[in-house]
Amino acid sequence: MTKLLIQRRLVLLLTSNLRVVVSHLFIFPRGGGYSCPLRNLSYSPQIIQHAKSYHTSATVKNYQLHSQIVSHSNSNNSLHPQFVTGLSDAEATFTFNFREISNSLVGWHIKPTFRISLHYKDKHLLTKIQDFFGVGNINLYPEAGVSMYTIGKLEDIINVIIPHFLNYPLITQKQADFILFTQIVEIINRGEHLTEEGLIKIFMIKKHHNKGLSAKAEQFLNSYLSNNPKFASEFVVTRPVIKITTPLDPNWVSSFIAGDGSFYVSVYEDKKRVNWQVRPALSVGLHSKDLDVLENLKLFFNSGNITKENKKPVAKFYIRDLSSICEKVIPHFKKYPLIGVKLYDFEDFCTIIDLKKTKAHLTEEGLAEIKKIVSTMNLRRADDKGEFAIIAKSSDTD
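Under mature numbering (1 follows the signal peptide of the UniProt record, and there is no 0), residues -23 to -1, 1 to 375 are what the sequence shown spells out, in order.
Hints in this document: simulated from the structure, not taken from any laboratory. Just so you know, even glycine gets a beta-carbon here, dropped at the ideal spot from N, CA and C. Don't take each hint at face value.
[What the hints assert, rightly or not] Capping the alpha-carbon separation at 27 angstroms, the derived lysine-lysine pairs in BS3-like fashion look like this:
| no. | residue 1 | residue 2 |
| --- | --- | --- |
| 1 | Lys188 | Lys207 |
| 2 | Lys130 | Lys289 |
| 3 | Lys289 | Lys220 |
| 4 | Lys312 | Lys293 |
| 5 | Lys193 | Lys178 |
| 6 | Lys348 | Lys336 |
[Claimed, not checked] Between beta-carbon pairs, the in silico distance windows are:
| no. | residue 1 | residue 2 | range |
| --- | --- | --- | --- |
| 7 | Glu195 | Lys349 | 13 to 21 angstroms |
| 8 | Pro290 | Glu342 | 16 to 24 angstroms |
| 9 | Leu131 | Ala209 | 21 to 29 angstroms |
| 10 | Gln196 | Leu356 | 39 to 47 angstroms |
| 11 | Ile115 | Trp253 | 39 to 47 angstroms |
| 12 | Ser243 | Ser200 | 51 to 59 angstroms |
| 13 | Val123 | Lys207 | 29 to 37 angstroms |
| 14 | Asp247 | Val214 | 52 to 60 angstroms |
| 15 | Ile307 | Val214 | 55 to 63 angstroms |
| 16 | Lys349 | Pro290 | 34 to 42 angstroms |
| 17 | Tyr241 | Lys207 | 49 to 57 angstroms |
Take these sequences, add in the hints, and give me the full structure.
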């Protein structure tokens, strides 16, 4: 434990994805160093909290900023930081494990975790993510077809994960979960989770995070608030509203589509035209709460359409126009390559488009070749080519 000087600072997070001004308390040890934010302040991207600067001292945990975050741009790792953020926007979760235990001061054990889950075929991509952060573990579940990268050590979350996403913010509504996640980690970092009041603060924040509280935790919280009604009015928690305010970063676009996008080709018989139709498309489907992301993808490609389902909270962005695919989509992914198995779907996608442009789909042989390629794309791809996709293309990534 070290006595540290606490200074309130306004931190400007300015990236090509998102412009956010937030008020933090950072810990700066005498003589230098860095630690994560400490206080629960307003992180809303729409609000700037101008706080009076002050100095005080406190005893807190302090971890040094992991060197991988400082120097990754100069390392041999080929992943662009925005690629990591984009994939996290698509596939990562910021979670907590709440477990009741009898030998705890407050009866609960809380463990924060950062996790990225991908298809088993993309386990090699998770290795690249692990190399980028320099921490964490990878677990493989071949029978379930899942590979999982997990960071569960508090010091790694504080010194590696939080700094990365402060410098390269998420832009989906997952950013709100990250902000709430950070607030809870701050409470744990100060040791306040070992007090009843600190635990209640965590529960109140968690209520607005991801899927909220379990029934047992909700019951515990409600019981406390019924006996301490003033606490709820003194400690107010709201879920931040995330809005994209700057153009999307192209590296983010490639990685997000690697996670949540699809290159697919519809092949069907058109009885009116007495021939077969081959329709390639790029699509991204999200929860309707992230409609803003789809609208910005449409702006990014300057093409496509967005549809919303009536009975489900689902929205979809897609580009089917062949000229837009050839002039905008393909050039983008040639310049900012996909990494992992999705790269092979894109290459098959391009092959089919080349065949279509030469009207090969109007011949029996050409149509048969297209059908064969389609039969092995996306989830139907049997070969585990993720490692080779990374080796072949990662050196070209900006």
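Now the hints, each set against the structure:
1. Lys188 x Lys207: holds (26 angstroms)
2. Lys130 x Lys289: violated (37 angstroms)
3. Lys289 x Lys220: holds (22 angstroms)
4. Lys312 x Lys293: holds (25 angstroms)
5. Lys193 x Lys178: holds (16 angstroms)
6. Lys348 x Lys336: Status holds; Cα separation ~14 angstroms.
7. Glu195 x Lys349: 13 to 21 angstroms: violated (53 angstroms)
8. Pro290 x Glu342: 16 to 24 angstroms: The hinted range 16 to 24 angstroms is violated for Pro290 and Glu342, with Cβ atoms some 44 angstroms apart.
9. Leu131 x Ala209: 21 to 29 angstroms: holds (28 angstroms)
10. Gln196 x Leu356: 39 to 47 angstroms: Holds - the Cβ-Cβ distance for Gln196 and Leu356, about 41 angstroms, lies within 39 to 47 angstroms.
11. Ile115 x Trp253: 39 to 47 angstroms: holds (43 angstroms)
12. Ser243 x Ser200: 51 to 59 angstroms: With a Cβ separation near 55 angstroms, Ser243 and Ser200 satisfy 51 to 59 angstroms, so the hint holds.
13. Val123 x Lys207: 29 to 37 angstroms: violated (46 angstroms)
14. Asp247 x Val214: 52 to 60 angstroms: holds (55 angstroms)
15. Ile307 x Val214: 55 to 63 angstroms: violated (45 angstroms)
16. Lys349 x Pro290: 34 to 42 angstroms: holds (37 angstroms)
17. Tyr241 x Lys207: 49 to 57 angstroms: holds (56 angstroms)
Of the hints listed earlier, those the structure fails to meet are numbers 2, 7, 8, 13 and 15, in rising order.
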